[in-house]
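Below are the chains, spelled out letter by letter.
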Amino acid sequence: MDNKESVSRPGSSVPALDPDGPPLVVRGLSVTFSTSGGPLKAVRGVDLTVERGECLGVVGESGSGKSVTAAAAMGLLGRDVVVEGEILLNGRNLLSMEREEVRSLRGRVISMIFQEPGRSFDPIYNMGKTFEETFRAKNPSISRDEARSRAVQLLREVHVPQAEERLSSFPHQLSGGLLQRVMIALALANDPEILIADEPTTALDVTIQAQIVGLLAELQKKRRLSLIFITHDLGLVGQIADRIQVMYAGLVLETGEAAEVFRRPLSPYTRSLLLALPTWGSHHSRNSLFTIKGSVPDPTHAEPGCPFAPRCYLAVDDCARAVPALSSDARSVVTGEAEVGAAGSTGAKAFPSLYRCIFPGVKE
Amino acid sequence: MSPSAADHPSTFRGASQPTGDLQRASDDALIRLRDVTKVFNLEAGLFASAGRHVWAVNGVSLDIRRGETYGLVGESGSGKTTLARIIVQLVAHSSGSITYAPGRERIADGLPELWEISRAQPALLRYFRSDVKYVFQDPAASLDPRMSIYRILTAGVRYSPRAMSREQLAGRVVEVMEAVGLREGDLARRPSEFSGGQRQRISLARALVYEPVALICDEVVSALDVSIQGQILNLLVDLKRRFNLTILFIAHDLTVVSYMADRIGVLYGGSLMEEAPSANLVARPLHPYSQLLYNSVPRWGKPLPARNGSLGSPFSATSTPVGCPFAGRCPLVQEICRREKPSLREVAPSHMVACHFVS
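Keeping their order, the protein sequence lines are chains P and V. At position 43 of the first sequence the residue is numbered 43 (the numbering used here), and the sequence of numbers has no breaks. At position 240 of the second sequence the residue is numbered 604 (the numbering used here), and the sequence of numbers has no breaks.
The shape of chain P in the complex, shown without the other chains (with noise of 0.2 Å):
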């Protein structure tokens, strides 16, 4: 890992680098695609920081903005699509290097998984080749020996039985939990100091999910990775995550630490979440399930108000007239854009519950 980049920045107004300090910090981040419809807006300012060795968790439905989020960190977004704001890798802001820059950090710093492992190989490709490859774009100068034995230890690290044997399998030999484990492998294959995991257990069957959310926990505090787990399962972020952010339409609607988020849900939004999902145990001859009204807003028809307003229980019509701000204390409305940086104003290590809705958070 070398943290070599010099720290000025144009137009920040970041400490200096703080080898404790956050990695990845994102600041008022908007992401708008542009297409036949009209322009479709599906970030519309998220802050997030993740702290080193913690697990961030991202939930959100489709939709949400959760995925895209994880693409503009990465920088993975096309030349056509604007986004704007500040992503800030180890306090420099990605979205004002050259491309060549950010394909260095790529790996190095920050690294992603997908969720489908069997799309993300190439299938004419064996495993020792795919290693090889991966070393080879930030050290073009490793033997091929060396890579193998790195791929190898790589790939105990990550519990893969019979690590040499696999070298030579294809991707379609092997299973997707076993596809899953060498795609972290891979990921963690140039030491970066991030790893953001997009939906990384969707496609597989559950009790392979629960392995490959153990290793990732594991890797997380041996590696002392900041780990950036993205879901449309509560139960699962909750099982993994330290702290939790709520997505919705494009915006951030409740963020917090896990045990709090689950304990008292601030945002209706996270509420009715936990309320409409059967919880271990229940019956439906006992317990009826809360019935969210309505469906997931369409993005390309982005409301002024708060995006949830439609399907809240608590709805009045003061919702529909502007976004809230996310802040701790309710009743803060705020228009548009000018409530970016809410969320960073609060200090870096004491991570306050902030929620966004003009009501109180409903205390039981």
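By construction, these hints were calculated from the structure, which means they are not laboratory data. Zero decoy hints are in this set.
Computed footprint of chain P on chain V, listed as stretches where at least three residues anywhere in the stretch have a Cβ under 8 Å from a Cβ of chain P:
| hint | region |
| --- | --- |
| 1 | 555–562 |
| 2 | 584–595 |
| 3 | 605–619 |
| 4 | 622–630 |
| 5 | 642–656 |
Derived DSSO-like pairs: lysine-lysine, alpha-carbon spacing no greater than 27 Å straight-line:
| hint | chain 1 | residue 1 | chain 2 | residue 2 |
| --- | --- | --- | --- | --- |
| 6 | P | Lys41 | P | Lys293 |
| 7 | V | Lys666 | P | Lys221 |
| 8 | P | Lys138 | P | Lys221 |
| 9 | P | Lys222 | V | Lys666 |
| 10 | V | Lys604 | P | Lys293 |
| 11 | P | Lys138 | P | Lys222 |
Note that the structure is a prediction, hence the values are computed from the model and not measured. Ideal Cβ placement from N, Cα and C applies to all residues, glycine included.
Based on the hints, put chain V in the right spot on chain P.
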């Protein structure tokens, strides 16, 4: 329109055949599976290597009782979808028997009290399929995008053994649309104009048009967003009460299945590993596989299993099955498990387990 066969009940040969086990028509089994097996040829065609088969379902026996929700839980490759498709004969089984004991109304129609479901009995199969409706996982793929909702709901009328006038049909369509939470005005629209959750409502409405006795719900919520899942589960509970339905509820999510089902069957590698009332299975899963499944359920506040289950060879459906399908991953495995397939035994009242070492 009534099929000629219905006028001559004596032509229903299936009715005269059942013996032994199948004769207990007086009990409450609506659909009874006995030793149902499905073997697929892995490769078909002129140049396929012979003798490679997939044992998708291997000797499954279970009863779906009248009025209950039977939950079938299993991972990919467990055979749960194949089993469901065998029941409605979208896939013909290789061996074993499936019998159907329809209600009094059917018997009054001149149909037998109990009959064998197979493709060899097309007239009976038509009655069965109008009684037992399949609801598919992906509503986007199972609704014809060019048809209006009205046409989607009524397209089955040609195949229905029950006569319905145009007016009756129109009335029924409006009734089921209202029951699933859609409006009459939606009938003229097309599937693309609806969200995923609404499309699943349309699928349910289609299943309900011809007054079915039972629904087979195959992963009906797994393609839906979290906030929509609850709506559809609530709707199913409501429809079940309102129309007196029997439901076979198939899913991979143990929490959802245990919420919906009265009894649960745990399927692995094409075989039933455990069967118990929902509450018993939730409180005390007995089979090592059910326990692994239980430990894998993600839940807030539950610590992550460090090494969850062995990474040992997963079940391979392509070799001739010998022994317990779970033997390759089982923590309790002994020599006998690889040799002999354990049969399903009752280890506690109504609690069946297929394991040599659970008593």
